[in-house]
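Asks: Sequence:
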Amino acid sequence: MPLSVVIGVPGVGKSTVMEELKKISPEKVKIIVFGDYMFDIAKKDGLVKHRDEMRMLPVEIQRRLQEEASKKIYEESSKFNGMVLLDTHGFIKTPNGFLPGLPEHILRILKPNFTVLVEADPSIIAARRSRDETRIRDPDMEEMISLHQMMNRMAAATYATITGCNIIIVKNEEGKAHEAARKLAESLGV
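First residue of the sequence shown: 458, per my numbering; consecutive thereafter.
Careful, some of the hints might be misleading.
[To be verified] For lysine-lysine, the following DSSO-like pairs were computed, each having C-alpha atoms within a straight-line distance of at most 27 Å: (1) 528 with 501; (2) 485 with 500; (3) 628 with 487; (4) 536 with 568; (5) 500 with 487; (6) 568 with 640; (7) 506 with 550; (8) 485 with 536; (9) 628 with 528; (10) 550 with 500; (11) 628 with 485; (12) 550 with 628; (13) 529 with 550; (14) 568 with 550; (15) 501 with 536; (16) 487 with 640; (17) 501 with 487; (18) 568 with 628; (19) 500 with 640.
These are computed hints drawn from the structure, not numbers from a lab. Bear in mind that the values here come from a model prediction, so they are computed numbers and not experimental data.
Put together the whole structure using the sequences plus the hints.
Replies: What follows is the structure, encoded as structure tokens:
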């Protein structure tokens, strides 16, 4: 089971690109959302009611949720005969700074084959965030979005160094998620 970690800042459209990729190769692609697994555990433990509250939890609790979720994800993904796309974040912006989305011990559990970094122009991301009424997002300035994207590039390089996985960078321009997904499908061979 090949596993691709897919990262990008909130509002970049990574989930949309992955959904488009699934339409291209429905039998060959499975999408797993890391945050859903963490949220299910946190909700079951009575820690949160809404998934966007998780980043406000103490770091120790977030780390425990990451580890529990990664073990469940690895177990589930090992049963799929195709490419698993793990929708996650390189870094999570918290009140106490940036928390690594996949620290070293989590990467060693997951053993990804690829890290896919979805990027877009910061002004486009800011506009997408302002239109998204389904999520509770921070109204970051373009400068902070640029910093967060740069940190995600560092995360991708770190993932590759730790696991030996390849890095794929995908540009998700406004209105071109299908084109980004098509290019990603070619790179992943699905």
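Asks: Taking the hints in turn, state whether each one holds.
Replies: Here is how each hint holds up against the structure:
This hinted pair checks out: residue 528 and residue 501 have alpha carbons roughly 17 Å apart, not beyond 27 Å. A threshold of 27 Å between alpha carbons decides the hint, and for residue 485 with residue 500 the separation of about 31 Å lies outside it, so the pair is violated. With a CA separation close to 21 Å, the supplied pair residue 628 and residue 487 stays within the 27 Å bound. Of the pairs offered as hints, the one joining residue 536 and residue 568 holds, with about 15 Å between alpha carbons and a cut-off of 27 Å not exceeded.
Taking the CA atoms of residue 500 and residue 487, the gap is near 24 Å; set against the 27 Å cutoff, the hint holds. Simply put, residue 568 and residue 640 have alpha-carbon atoms about 23 Å apart, close enough for the 27 Å limit, and the pair holds. Under the criterion of a C-alpha separation no larger than 27 Å, the hint pairing residue 506 with residue 550 is consistent with the structure, at around 19 Å. Between the alpha carbons of residue 485 and residue 536 the distance comes to roughly 13 Å, so the proposed pair stays at or under 27 Å and holds.
Between the alpha carbons of residue 628 and residue 528 the distance comes to roughly 30 Å, so the proposed pair goes past 27 Å and is violated. Distance hint between residue 550 and residue 500 is fulfilled; the C-alpha atoms sit about 20 Å from each other, no more than 27 Å. The hinted pair formed by residue 628 and residue 485 meets the criterion: a straight-line CA distance of about 22 Å does not exceed 27 Å. Of the supplied pair hints, the one linking residue 550 and residue 628 holds, its CA atoms being roughly 22 Å apart against a limit of 27 Å.
Of the supplied pair hints, the one linking residue 529 and residue 550 holds, its CA atoms being roughly 24 Å apart against a limit of 27 Å. Under the criterion of a C-alpha separation no larger than 27 Å, the hint pairing residue 568 with residue 550 is consistent with the structure, at around 24 Å. Distance restraint check for residue 501 and residue 536: the Cα-Cα separation of roughly 25 Å lies within the 27 Å cut-off, and the hinted pair is therefore satisfied. Proposed proximity of residue 487 and residue 640 is supported: the alpha carbons are some 17 Å apart, at most 27 Å.
In summary, the hint linking residue 501 to residue 487 is supported, as the alpha carbons are separated by about 25 Å, within the 27 Å threshold. Between residue 568 and residue 628, the direct Cα distance comes to roughly 25 Å. Compliance with the 27 Å bound is thereby established for this hinted pair. In summary, the hint linking residue 500 to residue 640 is not supported, as the alpha carbons are separated by about 36 Å, beyond the 27 Å threshold.
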